[in-house]
Amino acid sequence: MKKIMFVCHGNICRSTMAEFVMKELVRKAGKTNSFLINSSGTSREEIGNDTHHGTKQKLREMGIPFERRAAIQLTKADCDEYDYIVGMDYANMQNILRIGGNSVQKKLHLLLEFAPPSYKGGVSSMYGKVKEIDDPWYTGNFDQTYNDVLAGCTGLLEKLSVSHEIRPQSGN
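Numbering (numbering that gives the first Met the number 0), first residue to last: 0 to 171.
Note that these hints are calculated values from the structure, not bench results. One should not assume that every hint holds.
Capping the alpha-carbon separation at 25 Å, the derived lysine to any residue pairs in SDA-like fashion look like this [as the list claims (entries may be wrong)]: (1) 27 / 72; (2) 106 / 90; (3) 22 / 101; (4) 106 / 28; (5) 106 / 55; (6) 75 / 48; (7) 55 / 138; (8) 130 / 72; (9) 30 / 130; (10) 105 / 160; (11) 75 / 138; (12) 75 / 59.
Working from the sequences, and respecting the hints, build out all of it.
So this is what it looks like as C-alpha cells:
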C-alpha cells in the first residue's frame with residue numbers, strides 16, 4: 000500500500016482538493032485498496048476548520064466526492080509514516096522539512112513535479128524550477144488550482160502505476 004500525504008499551508012484549500020481528487024482518480028482506476036491518501040497543513044491557524052467553500056464548490060462542480068473534514072497539522076510521525084509527502088509550493092517544502100527533519104527529503108515532492116511536460120499550465124517557472132500551485136485563498140482562482148491539482152495527481156497516479164509501485168486489485 001502506498002501512503003500519500005498532500006500538504007499545503009492551512010489544509011483547507013489545495014491539499015484538501017488534492018486529497019479528494021486523488022481519491023477519486025484512484026477509485027476510478029479500481030485501486031482504492033492500494034492507497035492511503037490524506038492531507039494536512041504546515042500551519043496551526045486553520046486546525047479544526049472545514050474545507051474552504053471555494054474548494055468545495057469546485058469539487059462539486061467537477062463531480063468529485065468530498066466529505067466534511069477538519070484541517071490538521073502535519074506531524075513528524077506523518078512524515079515518518081507516509082511514502083510520499085507532496086507539497087504545493089516551496090514555502091510548504093521548507094516547512095515540511097522543518098517539521099519532518101532531513102529524513103523526509105527522499106519522500107518530499109512538489110505536486111507539479113508529476114504533471115506531464117505537455118501540461119499547458121506549465122511545470123517550469125521562468126527560473127527553471129517546478130511550478131508552484133498558487134494558493135486560491137489569496138488568488139481566488141479555484142479553477143486554476145483544480146487544473147494544477149488534477150494534472151499533478153493524474154501524473155502521480157500514472158508514475159506509481161508505470162513504476163509498478165502499485166499492483167491492480169484482484170478481480171480488475
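Hint by hint, here is what the structure shows:
For the proposed pair residue 27 and residue 72, the alpha carbon gap of about 28 Å is over 25 Å, so the pair is violated. With a CA separation close to 16 Å, the supplied pair residue 106 and residue 90 stays within the 25 Å bound. Note on residue 22 and residue 101: the hinted pairing is violated, with a Cα-Cα distance of about 28 Å set against a maximum of 25 Å. Taking the CA atoms of residue 106 and residue 28, the gap is about 23 Å. The hint holds against a cut of 25 Å.
In summary, the hint linking residue 106 to residue 55 is not supported, as the alpha carbons are separated by about 28 Å, beyond the 25 Å threshold. Proposed proximity of residue 75 and residue 48 is supported: the alpha carbons are some 21 Å apart, at most 25 Å. A C-alpha spacing of about 16 Å is found between residue 55 and residue 138, which places the hinted pair at or below 25 Å, so the restraint holds. Using a Cα cut-off of 25 Å, the hinted pair residue 130 and residue 72 holds, with the two alpha carbons roughly 24 Å apart.
Restraint check for residue 30 and residue 130: not satisfied, since their Cα atoms lie roughly 28 Å apart, outside the 25 Å limit. For the given pair, residue 105 sits about 19 Å from residue 160 by alpha-carbon distance, which is consistent with the 25 Å threshold. At most 25 Å may separate the alpha-carbon atoms for a hinted pair to count; residue 75 and residue 138 exceed this at roughly 30 Å. For the hint pairing residue 75 with residue 59, the CA-to-CA distance comes to about 32 Å; that exceeds 25 Å, so the pair is violated.
Figure legend: structure checked against the earlier numbered hints; hints not met, in rising order: 1, 3, 5, 9, 11 and 12.
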